Amino acid sequence: MTQLTPRMKNWIEYFGGHIGTATKRGFPTTIVVETAKVEGINIINFPLTDAQINHIKDNISENPQVAIGPGGLGCVRAPYQLKGTAKINGKDLTVKVNEIYCTKPGPEAGKRLDVMPYGEVEEFDQSHWKDLTPPKE
Amino acid sequence: MRLTDEMKDALKVVGKGGVVVHLTTCNADGKCNTVGERFITVVKDKYILIADMFAQKTKVNLQENPIAIITVAHPVKDRTWAFRGPTTCLIPGLPPDYEFHGLNAKEVLDEWGNWAEKEPPDEVPPDIRPPVCMQRGLIAMKVEEVYSYKPDESGKKIL
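Residue numbers (the numbering used here), protein chains in the order written: chain A, 606 to 742; chain B, 368 to 526.
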């Protein structure tokens with residue numbers, strides 16, 4: 606089962622994400638949510654404004670597939686991409702993460718991490734990064 | 368539609384005072400892909416170019432669904448912009464007169480086809496700098512729409 610590492614959790618919670626959505630025929634709309642809360646091992650809740658709900662509700666209704674790139678400095682220092690299925694729960698966008706990719710530029714760009722045993726994903730994180738938590742900006 | 372001077376000033380490499388962006392594409396069934404990109408510039412006031420270096424799924428998506436969104440990711444500094452429009456990959460080998468929505472492929476590939484030499488990623492910290500920059504072409508967007516992604520006005524038309 607897909608599981609976020611502590612580093613992924615820390616960065617996505619602190620910086621939120623750029624959330625790619627689309628109609629079922631592939632017309633994209635991206636929103637940016639500046640914070641998030643991870644629940645359990647693979648659920649992320651993004652608090653939405655009314656404007657954001659109005660902006661993506663039709664897309665999510667007809668096509669719950671979303672892709673998430675960490676926001677702010679996370680786009681550089683936390684090069685992960687999370688893909689999953691989303692639904693709007695009240696004022697939150699709740700995403701169940703199903704796929705995790707490394708997007709670090711270089712030979713590992715596009716490497717799929719969630720298919721590895723969880724222990725190996727943690728080792729991957731620890732061998733690549735020293736900053737388990739983001740710097741306070 | 369022409370991008371503003373402020374937008375053009377932001378959409379360049381971080382080493383020259385620009386930004387890192389997220390590029391979102393999706394396949395024909397609407398499955399999205401959102402990845403960060405560093406090599407970026409604006410040409411002729413309405414086209415955004417990004418180096419095609421490690422874009423794998425992006426390229427597959429654009430081949431079947433040639434539209435994308437670019438969002439300013441870092442540093443934002445109130446530049447909460449999302450750019451949307453037809454997007455393609457310009458690859459060396461295209462006919463010299465090939466044009467994408469009025470953009471000549473040869474002209475931009477001649478200028479931006481070896482981006483790492485033109486604007487080396489010197490400002491990128493060693494642990495996230497690509498060991499080798501193997502550029503395969505350019506991702507080109509003709510911007511047709513700019514909207515705000517500011518949380519309280521997400522989707523508001525800017526241009």
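No lab work stands behind these hints, which were simulated from the structure alone. Nothing here was measured: the structure is a model prediction, and the numbers come from that model. Glycine included, each C-beta is placed from N, C-alpha and C at the ideal position. One thing to keep in mind: the hints can contain errors.
PhoX-like mimics (lysine-lysine), calculated; alpha carbons at most 25 Å apart, straight line [claimed, not checked]: (1) B:Lys411 <-> B:Lys485; (2) B:Lys426 <-> A:Lys629; (3) B:Lys524 <-> A:Lys741; (4) B:Lys517 <-> B:Lys444; (5) B:Lys444 <-> A:Lys629; (6) A:Lys696 <-> B:Lys517.
To give an idea of the chain A side of the interface with chain B (calculated C-beta under 10 Å), a few residues [claimed, not checked]: (7) Gly625; (8) Phe632; (9) Asn650; (10) Gln657; (11) Gly679; (12) Tyr706; (13) Gly724; (14) Gln731; (15) Thr738; (16) Pro740.
Quick list of simulated restraints, FRET-style, between CB atoms [unchecked claim]: (17) B:Pro453 <-> A:Gln608: 32 to 40 Å; (18) B:Lys473 <-> A:Val720: 46 to 54 Å; (19) A:Asp663 <-> B:Asp519: 30 to 38 Å; (20) A:Lys701 <-> B:Glu466: 36 to 44 Å; (21) B:Gly460 <-> A:Thr738: 41 to 49 Å.
Each hint tested on the structure:
1. B:Lys411 <-> B:Lys485: Within the cut-off at roughly 19 Å; holds.
2. B:Lys426 <-> A:Lys629: It holds: about 19 Å lies between the C-alpha atoms, which stays within 25 Å.
3. B:Lys524 <-> A:Lys741: Since the Cα atoms of Lys524 of chain B and Lys741 of chain A sit roughly 32 Å apart, the hinted pair is violated (cutoff 25 Å).
4. B:Lys517 <-> B:Lys444: The given pair, whose Cα atoms are some 11 Å apart, holds under the 25 Å limit.
5. B:Lys444 <-> A:Lys629: Given pair Lys444 of chain B, Lys629 of chain A is violated - Cα atoms ~33 Å apart, limit 25 Å.
6. A:Lys696 <-> B:Lys517: holds, 16 Å
7. Gly625: holds, 4 Å
8. Phe632: OK, holds: Phe632 of chain A within 10 Å of chain B, min 7 Å.
9. Asn650: Nearest chain B Cβ about 15 Å off; hint violated.
10. Gln657: Cβ of Gln657 of chain A sits 4 Å from chain B, so the hint holds.
11. Gly679: Cβ of Gly679 of chain A sits 8 Å from chain B, so the hint holds.
12. Tyr706: Cβ of Tyr706 of chain A sits 8 Å from chain B, so the hint holds.
13. Gly724: violated, 22 Å
14. Gln731: violated, 13 Å
15. Thr738: violated, 16 Å
16. Pro740: Interface hint status for Pro740 of chain A: violated (12 Å vs cutoff 10 Å).
17. B:Pro453 <-> A:Gln608: 32 to 40 Å: holds, 38 Å
18. B:Lys473 <-> A:Val720: 46 to 54 Å: The hint (46 to 54 Å, Cβ to Cβ) is violated, given that Lys473 of chain B and Val720 of chain A are roughly 41 Å apart.
19. A:Asp663 <-> B:Asp519: 30 to 38 Å: Violated, at about 20 Å.
20. A:Lys701 <-> B:Glu466: 36 to 44 Å: holds, 43 Å
21. B:Gly460 <-> A:Thr738: 41 to 49 Å: holds, 46 Å
Against the hints set out earlier in the document, violations occur for numbers 3, 5, 9, 13, 14, 15, 16, 18, 19.
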